[in-house]
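Chain by chain, the residues:
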Amino acid sequence: MISGTLIDRVLIRKYIGQSSLLFLSCGAAMFAFAWVRVWVVSLLDMGQFQTILEQFRDFEKFAPISFDALFTYVGRVGMTYDEPIVILCTVIWCVARGSDVVSGELGRGTLEMILSQPITRKTLLLSHATVSVVGLALLCLCVWAGIGAGVYATTLEESIEQPSFRIPIINIDVPLTTDSPETQTIRLRDRVEVETYASSTFHLFAFGFFLLGLATLLSSMDRYRWRTVGTVVAIYVAQLVMFGLGKAAPTLEWLLSMSFFSCYKPQKMTSMVVSDGLAAPWSVTSIPPDCALPALFYPMILIGLGLSFYIAATIIFTRRDLPAPL
Amino acid sequence: MTPDIVVTEGLTKRYGDFTALSDCSMSVVRGEVFGLLGPNGAGKTTLIRLLLGHLQPTSGQLSIDGIDPRVDGVELRKRVAYLPGDARLPRHMKGGAVLRFFADMHPSGNLDRSLEVAEILELNTRTRVAFMSTGMRQKLALAVVFGVDTPLLILDEPTANLDPTVRGNVLNLVMDAKRVGRTVMFSSHVLSEIEDTCDRVAFLRKGKLAHRLAMKDLYQRHRITALVDQAHANMEAPETIASRIHTTIDGQSVAIVTDGDLAPMLSWVDSLALSQVRIEPLGLRAVYDAVHTGQAVAL
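Chains as they are written, first to last, in full-length UniProt numbering: chain A, 1 to 326; chain B, 1 to 299.
If you're looking for bench data, these hints aren't it; they were derived computationally from the structure.
Where hints are given, some of them may not hold.
Unchecked claim - In the DMTMM-like style, the derived pairs of lysine to aspartate or glutamate whose C-alpha atoms are separated by at most 25 Å in a straight line are:
1) A:122 to B:75
2) A:122 to B:65
3) B:208 to A:321
4) A:122 to B:72
From just these sequences and the hints, can you work out the full model?
Structure, rendered in C-alpha cells:
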C-alpha cells in the first residue's frame, strides 16, 4: 500500500512563512486601493461627463461594461475589479506562488532535501496549492472588504432636483427658481449594496485560480523559475492581445473564444445583480444577454481549466526525474 | 529481515544516448559502513538518487529494506536520512527553525538530537541560512541528517567544505551511527576517510560498478620496494607463498605486492639480499588509481 497524506501541516507552515510578506503586501495594496477607489467615485459627478462619453459610444464595445452603468454608483464601484492595480496584484500573487512550487525550489536547490523526507511529490504540490489558493481567496476578499469599507465610510453630496416646468411641444425644461441648486448629504451605502459584488469577487478568484494553475503546470515541468515566469507572462500577454483584437475587429471575433479574458466578467455580473437580483450571476440555466452561456459557466470554465492544469502538473511532477541542484 | 538493507540488480539509468549508470548490481549489508568511490561523473550520485526515488531507473531493480522507491517512496524514505552532495536549505529560515522543520517533517526526527549534533559541529543555529557560509550550511545539513534516527544513512560527500576538526567530528558521528547498528552509505573523494570508516567499498567508473573491496582484505595487502644488489637475481618465491606474491622488476628496483599475512613472507624477502627495503600498506590509493586507469585489480 502506498502511504502518504494529501497535505502536510509542516510544509503548509513553511509555505505560509515563505509567502506571508508577499501576501501582506498584496493584501494591503488591494484593500487600500479598493477603499480609495470607492472614495474617488464619490468625488466625481459622472453626470458632468455624460455628454463627453456620448461622443465615444462607438468605442463602448472595448469597455467591459455599458457606458450607462458608468453613471450609476454601483457600476462605477464595480469597475474596481477591472482596475490594473487589482489585476496586477492578483497576477503577481498567482505567478509568484505558482512558479515557486517546483522550478523555484529546484532553482534554489532546496527541493532535494525536502523530497528526501517521507512525503510524496503530490503532497508537496497540494500543500503548496492549499496555501496559494487560500491566499488567493483571501486577497479577493481583501478587495471586497476594501469596497465594503469604502461604501460604509463614504458619504456623498447630491444635488436635489430643482422643480421645473416642461414646455409642451418643444419639450424643454425650465426651472421654476433661479436659486443655486440645493444639495443633500447621503451615505453611499444607501446607493450601493456591498453584496452586489460577491459574484465579481468570485470572478476575480476564478481568474486568479486559472493563472495559479497555469503557473504551477509550467513550474512542474521546468527547472528555472525565470523561464516559468517568462512563459506565463508571455501566455498572459498573448491572451490579452487576442482579447483586444477580438473586440476591435469583427473579422477576428473568433479570437474572443480562445482568450480566457472572455470568461472574466465582473462588471457584467454587477449589472446582472442590478437588473435581475443577487442570484442572477449564480444561475446555471438562464443565459444573460450578449452571452453564449449561463453566467456561472464563465468562472467555472476558468476554475475547471485551473483544476486541469493542477492535475496535469501533479502527473508531470510525480513522473519526472528530479534534476540535481544546479 | 534480510541481511542486505540496500539491493540493486542490473540498475541502469540513461539520459538519451548518455548512460549515467549501467547494469549496477550491488548490496549493502545491515550495520556496515559502505563506501562509494569514483571520480566525478562516475555515477555515485545517480545511484544514490535512484535509491531515493528522485530519478526513475531506465531498467533494473532496486530496494531499500525490501521497499522499491517506485512502489512506496514514502515508506522507503521513512527508513533513510539523506545528505545531498550540495545540501541547500530554505534561506529565509534561521538555523534552529531549519532543524525544527526537518525534525517535524520526519517521523523519526528528533530536534534535541539535531541541536546536540549542531553543538558538536560548533554551529550557531541563531544565524539565518542566507547569511551562513558554505561550511556552516554543510554543518546545518549534517545536523538535520544526524538528528533523524533511521536504519540507513546516506551521505554524499559529507565532509566537503569542512575544516579538519569538524571532518573528524563527522567521521566520529558516522562511527557512532555504526556502533548503534545503523547502516551508512558514504560517498567521498577523500580516500583516508573511506579507509578510516568503511567496511566495504564499491568503485564506480564511467557509470559502471568497476570493483568491490572489503577493507579487511585491503589491510592485509603490502607493497615492498627495494633495490636488488645483483642483476638477474633469482626472485622466484617458494610455492607455499607464490600465489600471494606479485613481483615487478625495473632495472635494480623491485616492487613486491603481497596479499595476506606478511609474516610467512618475511624470511623469503630476507633471503633476496635486498637493500633500502621499505614496507608499506598497499592503501586504497593504489586500488583507486588502478580502477581509475582501467587496470586490472588483484583484490
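State the violated hints by number, sorted upward, taking the hints as numbered earlier in the document. none
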